[in-house]
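Chemist: Listed in order, the protein sequences are those of chains A and B. Be aware that the first sequence starts at 9, since it is given in my numbering, and climbs by one per residue. Be aware that the second sequence starts at 543, since it is given in my numbering, and climbs by one per residue.
In short, the hints are calculated from the structure, not lab data. In this text, all values refer to a predicted model and were calculated from it rather than measured experimentally. Note that CB positions come from ideal geometry on N, CA and C, so glycine has one too. Hints are not guaranteed to be accurate.
Said to hold, decoys possible - From the structure, some residues in chain B lie toward chain A, with a derived Cβ separation under 8 Å: (1) M576; (2) K584; (3) G585; (4) L588; (5) Y591; (6) F645; (7) G648; (8) A652.
As the list claims (entries may be wrong) - Some chain A residues judged to face chain B by a derived CB distance under 10 Å, without partners named: (9) G71; (10) M96; (11) G117.
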Amino acid sequence: DVKVTQSSRYLVKRTGEKVFLECVQDMDHENMFWYRQDPGLGLRLIYFSYDVKMKEKGDIPEGYSVSREKKERFSLILESASTNQTSMYLCASSLPASQGIDTQYFGPGTRLTVL
Amino acid sequence: QKEVEQDPGPLSVPEGAIVSLNCTYSNSAFQYFMWYRQYSRKGPELLMYTYSSGNKEDGRFTAQVDKSSKYISLFIRDSQPSDSATYLCAMTEYGGATNKLIFGTGTLLAVQP
Numbered sequence: 009d010v011k012v013t014q015s016s017r018y019l020v021k022r023t024g025e026k027v028f029l030e031c032v033q034d035m036d037h038e039n040m041f042w043y044r045q046d047p048g049l050g051l052r053l054i055y056f057s058y059d060v061k062m063k064e065k066g067d068i069p070e071g072y073s074v075s076r077e078k079k080e081r082f083s084l085i086l087e088s089a090s091t092n093q094t095s096m097y098l099c100a101s102s103l104p105a106s107q108g109i110d111t112q113y114f115g116p117g118t119r120l121t122v123l
Numbered sequence: 543q544k545e546v547e548q549d550p551g552p553l554s555v556p557e558g559a560i561v562s563l564n565c566t567y568s569n570s571a572f573q574y575f576m577w578y579r580q581y582s583r584k585g586p587e588l589l590m591y592t593y594s595s596g597n598k599e600d601g602r603f604t605a606q607v608d609k610s611s612k613y614i615s616l617f618i619r620d621s622q623p624s625d626s627a628t629y630l631c632a633m634t635e636y637g638g639a640t641n642k643l644i645f646g647t648g649t650l651l652a653v654q655p
């Protein structure tokens, strides 16, 4: 059974804190993604990675960075958390497009609140 | 204009009803179309996946793509309370380096027992 896990289901942080969100997949997928999901705005892509140490900006990368040191792990970093980063964060993984179009498998999400 | 438009609902139907969920899109290069189901406080999970135009059926679910109208639909027959969830359409081109999906905003469905 495919599995994408995220380090926390709920997280509360203070403005200005550095926040780490961790995602691990056990499917040996090359591609990994970070989204945020907000009411009325749907899923918006923050960053994605198509290989270890490779990353590309998505649609809303400002205020975020990512790290992918190992194939199975993709971290999202909020350098200095702000209240407008309060959201549901979803991690996903997939096979590369070279192996055919494949679905993205999602983790359960981390609901982050920044006070 | 968003690349993918989806009515957010909420859509409330009685148990046993036929449900129709829809998305429109503007990018004619989209070729792969997916429907994800997301239960409350969970991540999205793939429900249906179609390529190009046509219909695909899986149990009570039918996905339909009309590329000429840039319109996709998901039909749920004999809807059940367990179908209550947010339904997200997603689509992608072919030939890119990654499987980057463009999502609709989701339609919240409530099936009343």
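Chemist: Sort out which numbered hints this structure fails and list those numbers smallest first.
Modeler: 8, 9
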